[in-house]
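Peer 1: Here is how the chains run, residue by residue.
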Amino acid sequence: MKKKKYFIIIILLLAISIMSVGYATFTTNLEIKGTATIIGKWDVRITNIEIVSSSPGIEAETPTFSNTNIEFYTELIKPGDEVKYQITISNQGNINAQLDDILFMSDETDENSAISFETSEVSQNLNAGEETTFFITIKYKENITKVPDVQTKKITGIIVYVQC
Amino acid sequence: MSYISNIKAKFLFFYLLIYSIISIFFRFININFYLVIINPLLCLIIDIYILLYQKQKLYSKTNYKDYFITITTTIIFIIINFLLGFKLGFVINPLCHNYIIAFKNIFIHIIPIISLELIRNIILNQNRHNKLVPILVTIFIILIEINTNQLLPTYNNKEFIFQYLCSTIIPIVSSNILYTYISLNISYKISLILILVNIISVILLPIFPNINWFTKGTLSLLKFFVIYFLFKNKLAKESLTLPPNKNSFVLISYALTLIFATSLVCFMLGIFKYKPITILSNSMTPVLNRGDIVIYKKLNIDELNNLPLNSIIIFSYNDKYIIHRIISKREEDHMVYYTTKGDNNETADYNEISASQIQGLYIFHIKYLGYPSIWLNNFFNT
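Chains A and B are the protein sequences, given in the same order.
First residue of the first sequence: 1, per our numbering; consecutive thereafter.
First residue of the second sequence: 1001, per our numbering; consecutive thereafter.
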């Protein structure tokens, strides 16, 4: 009988002590959780660009790139010449990405209309840890009969990936 | 089943076993039709059957003292519960939109409870000398009452499981042990009063206190302890099983336990002027080390604006509590700003703190007592 009485006292005190320790732990935790912290890592970047093919006689410089920018420079000699680049985009974060917008444009005028460009399809989804490639081809139009006054063309590409 | 002597008690025991399995299954798959219609109707049939044909098998040996203890303690705990609302806030009762919903809730909740208490009482009364039967009956009824639907989908969330254990499982287990004890020794009427007053207050009152899991769990344990102690004491006096001096010793030990446990709960909830906090870093070494518990005093506005240099204060910054020492103080536009620094840090804290950020003033600390909290924190974060 005596043992039973003390057993109940011990159980009560033990249970309340454990709950108190838990309460102290969660009280601190809850306060910390008041701050919203983004633990997801967003890191979609360009990881490579290389020349896949070029017309004979064309000497295209190796393009340079940073995480979000590419710069390439090429000299096209005659109509029909072209250079094809392969660009690799990687999702090195831990959040899945999807293509939101893609836009390639140039300062199209009559003077530099001799140079054209086209891009291949860009992957719509880019999951965390995956990479995708697409191509951009720069071409000296074949039907050009005279050398244009403006011989350079600036091409700007914007690829926007957003969180899924 | 061989340890159950009476044939009707056997049938009810078997019914209880099947009922617990069915309840777990239907709660898990969350079929409302069962919980709202089938279960109450089935229980209603059982209630009517027992009250009409088996009433003589129910055990009831009460006097006015039993009712007095039951009603007084129930009302006191309801009042304590509501008083805590002034500290923790109140919420609107979602079960009390209108009379139809209230009636529906009474139908859904109260009829099954009555049947469970009647069954518990008959089985226990018919097998009074078997120690295993009360344990099994209590376990079956606990299984019937636990809502597995809430628990199972979050089995990998350690925090939720701990809180669910404290706020739901402990109250269900402790109250069922108490009801079994009361049913076995006093009457099913007493356990029914204890349950019904609580449930009706929850269903019918338009607001109730927004008590957290800790308060819910500890209050249920304290309630169990108080009622158990009062009935145990009354039965001991009536049966003269203990000599008077022995009885007063037991009385004192129970009363001291109750005072200690209640004080601990109030202390943790911050009802007193002093509150504990665990040290998680070594920025105040050698004065305070990781794992120490600091007792701090809450301050009023005047005290907050007139803290002396070198005081150790607890303040909140970016939703965290920090314990550092005041190294300088300045006043601007009637506002006081303090610069703080950890004793073990080489530089002062980058941001000044205002009086409104200060939680309290360090009073004393107890070494190593905070380690259980740190271990638990590590456990939940692994």
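Read the hints as simulated data drawn from the structure, not as lab findings.
Every residue, glycine too, gets a C-beta built ideally from N, C-alpha and C.
Heads up, a few of these hints could be off.
[Unchecked claim] Derived CB-CB ranges, DEER-like:
| id | chain 1 | residue 1 | chain 2 | residue 2 | range |
| --- | --- | --- | --- | --- | --- |
| 1 | B | Cys1266 | A | Glu131 | 58 to 68 Å |
| 2 | B | Ile1018 | A | Glu131 | 53 to 63 Å |
| 3 | B | Ile1018 | A | Gln98 | 49 to 59 Å |
| 4 | A | Leu14 | B | Phe1364 | 18 to 28 Å |
| 5 | A | Ile11 | B | Ile1271 | 20 to 30 Å |
| 6 | B | Ile1031 | A | Gln98 | 31 to 41 Å |
| 7 | B | Asp1302 | A | Gln98 | 57 to 67 Å |
Peer 1: Could you check the hint for me, namely that Ile11 of chain A and Ile1271 of chain B are 20 to 30 Å apart, CB to CB?
Peer 2: holds, 24 Å
Peer 1: Could you see if the CB distance from Asp1302 of chain B to Gln98 of chain A stays within 57 to 67 Å?
Peer 2: Given a distance of about 58 Å, which is inside 57 to 67 Å, the answer is holds.
Peer 1: Evaluate the given range 58 to 68 Å for the C-beta pair formed by Cys1266 of chain B and Glu131 of chain A.
Peer 2: About 59 Å separates the Cβ atoms of Cys1266 of chain B and Glu131 of chain A, which means 58 to 68 Å holds.
Peer 1: Could you see if the CB distance from Leu14 of chain A to Phe1364 of chain B stays within 18 to 28 Å?
Peer 2: holds, 25 Å
Peer 1: Regarding Ile1018 of chain B and Glu131 of chain A, is the given constraint of 53 to 63 Å on their beta-carbon distance met?
Peer 2: The hint (53 to 63 Å, Cβ to Cβ) holds, given that Ile1018 of chain B and Glu131 of chain A are roughly 58 Å apart.
Peer 1: So the hint says 31 to 41 Å: do the beta-carbon atoms of Ile1031 of chain B and Gln98 of chain A match that?
Peer 2: holds, 38 Å
Peer 1: Could you check the hint for me, namely that Ile1018 of chain B and Gln98 of chain A are 49 to 59 Å apart, CB to CB?
Peer 2: holds, 52 Å
No hint from the list above goes unmet by this structure.
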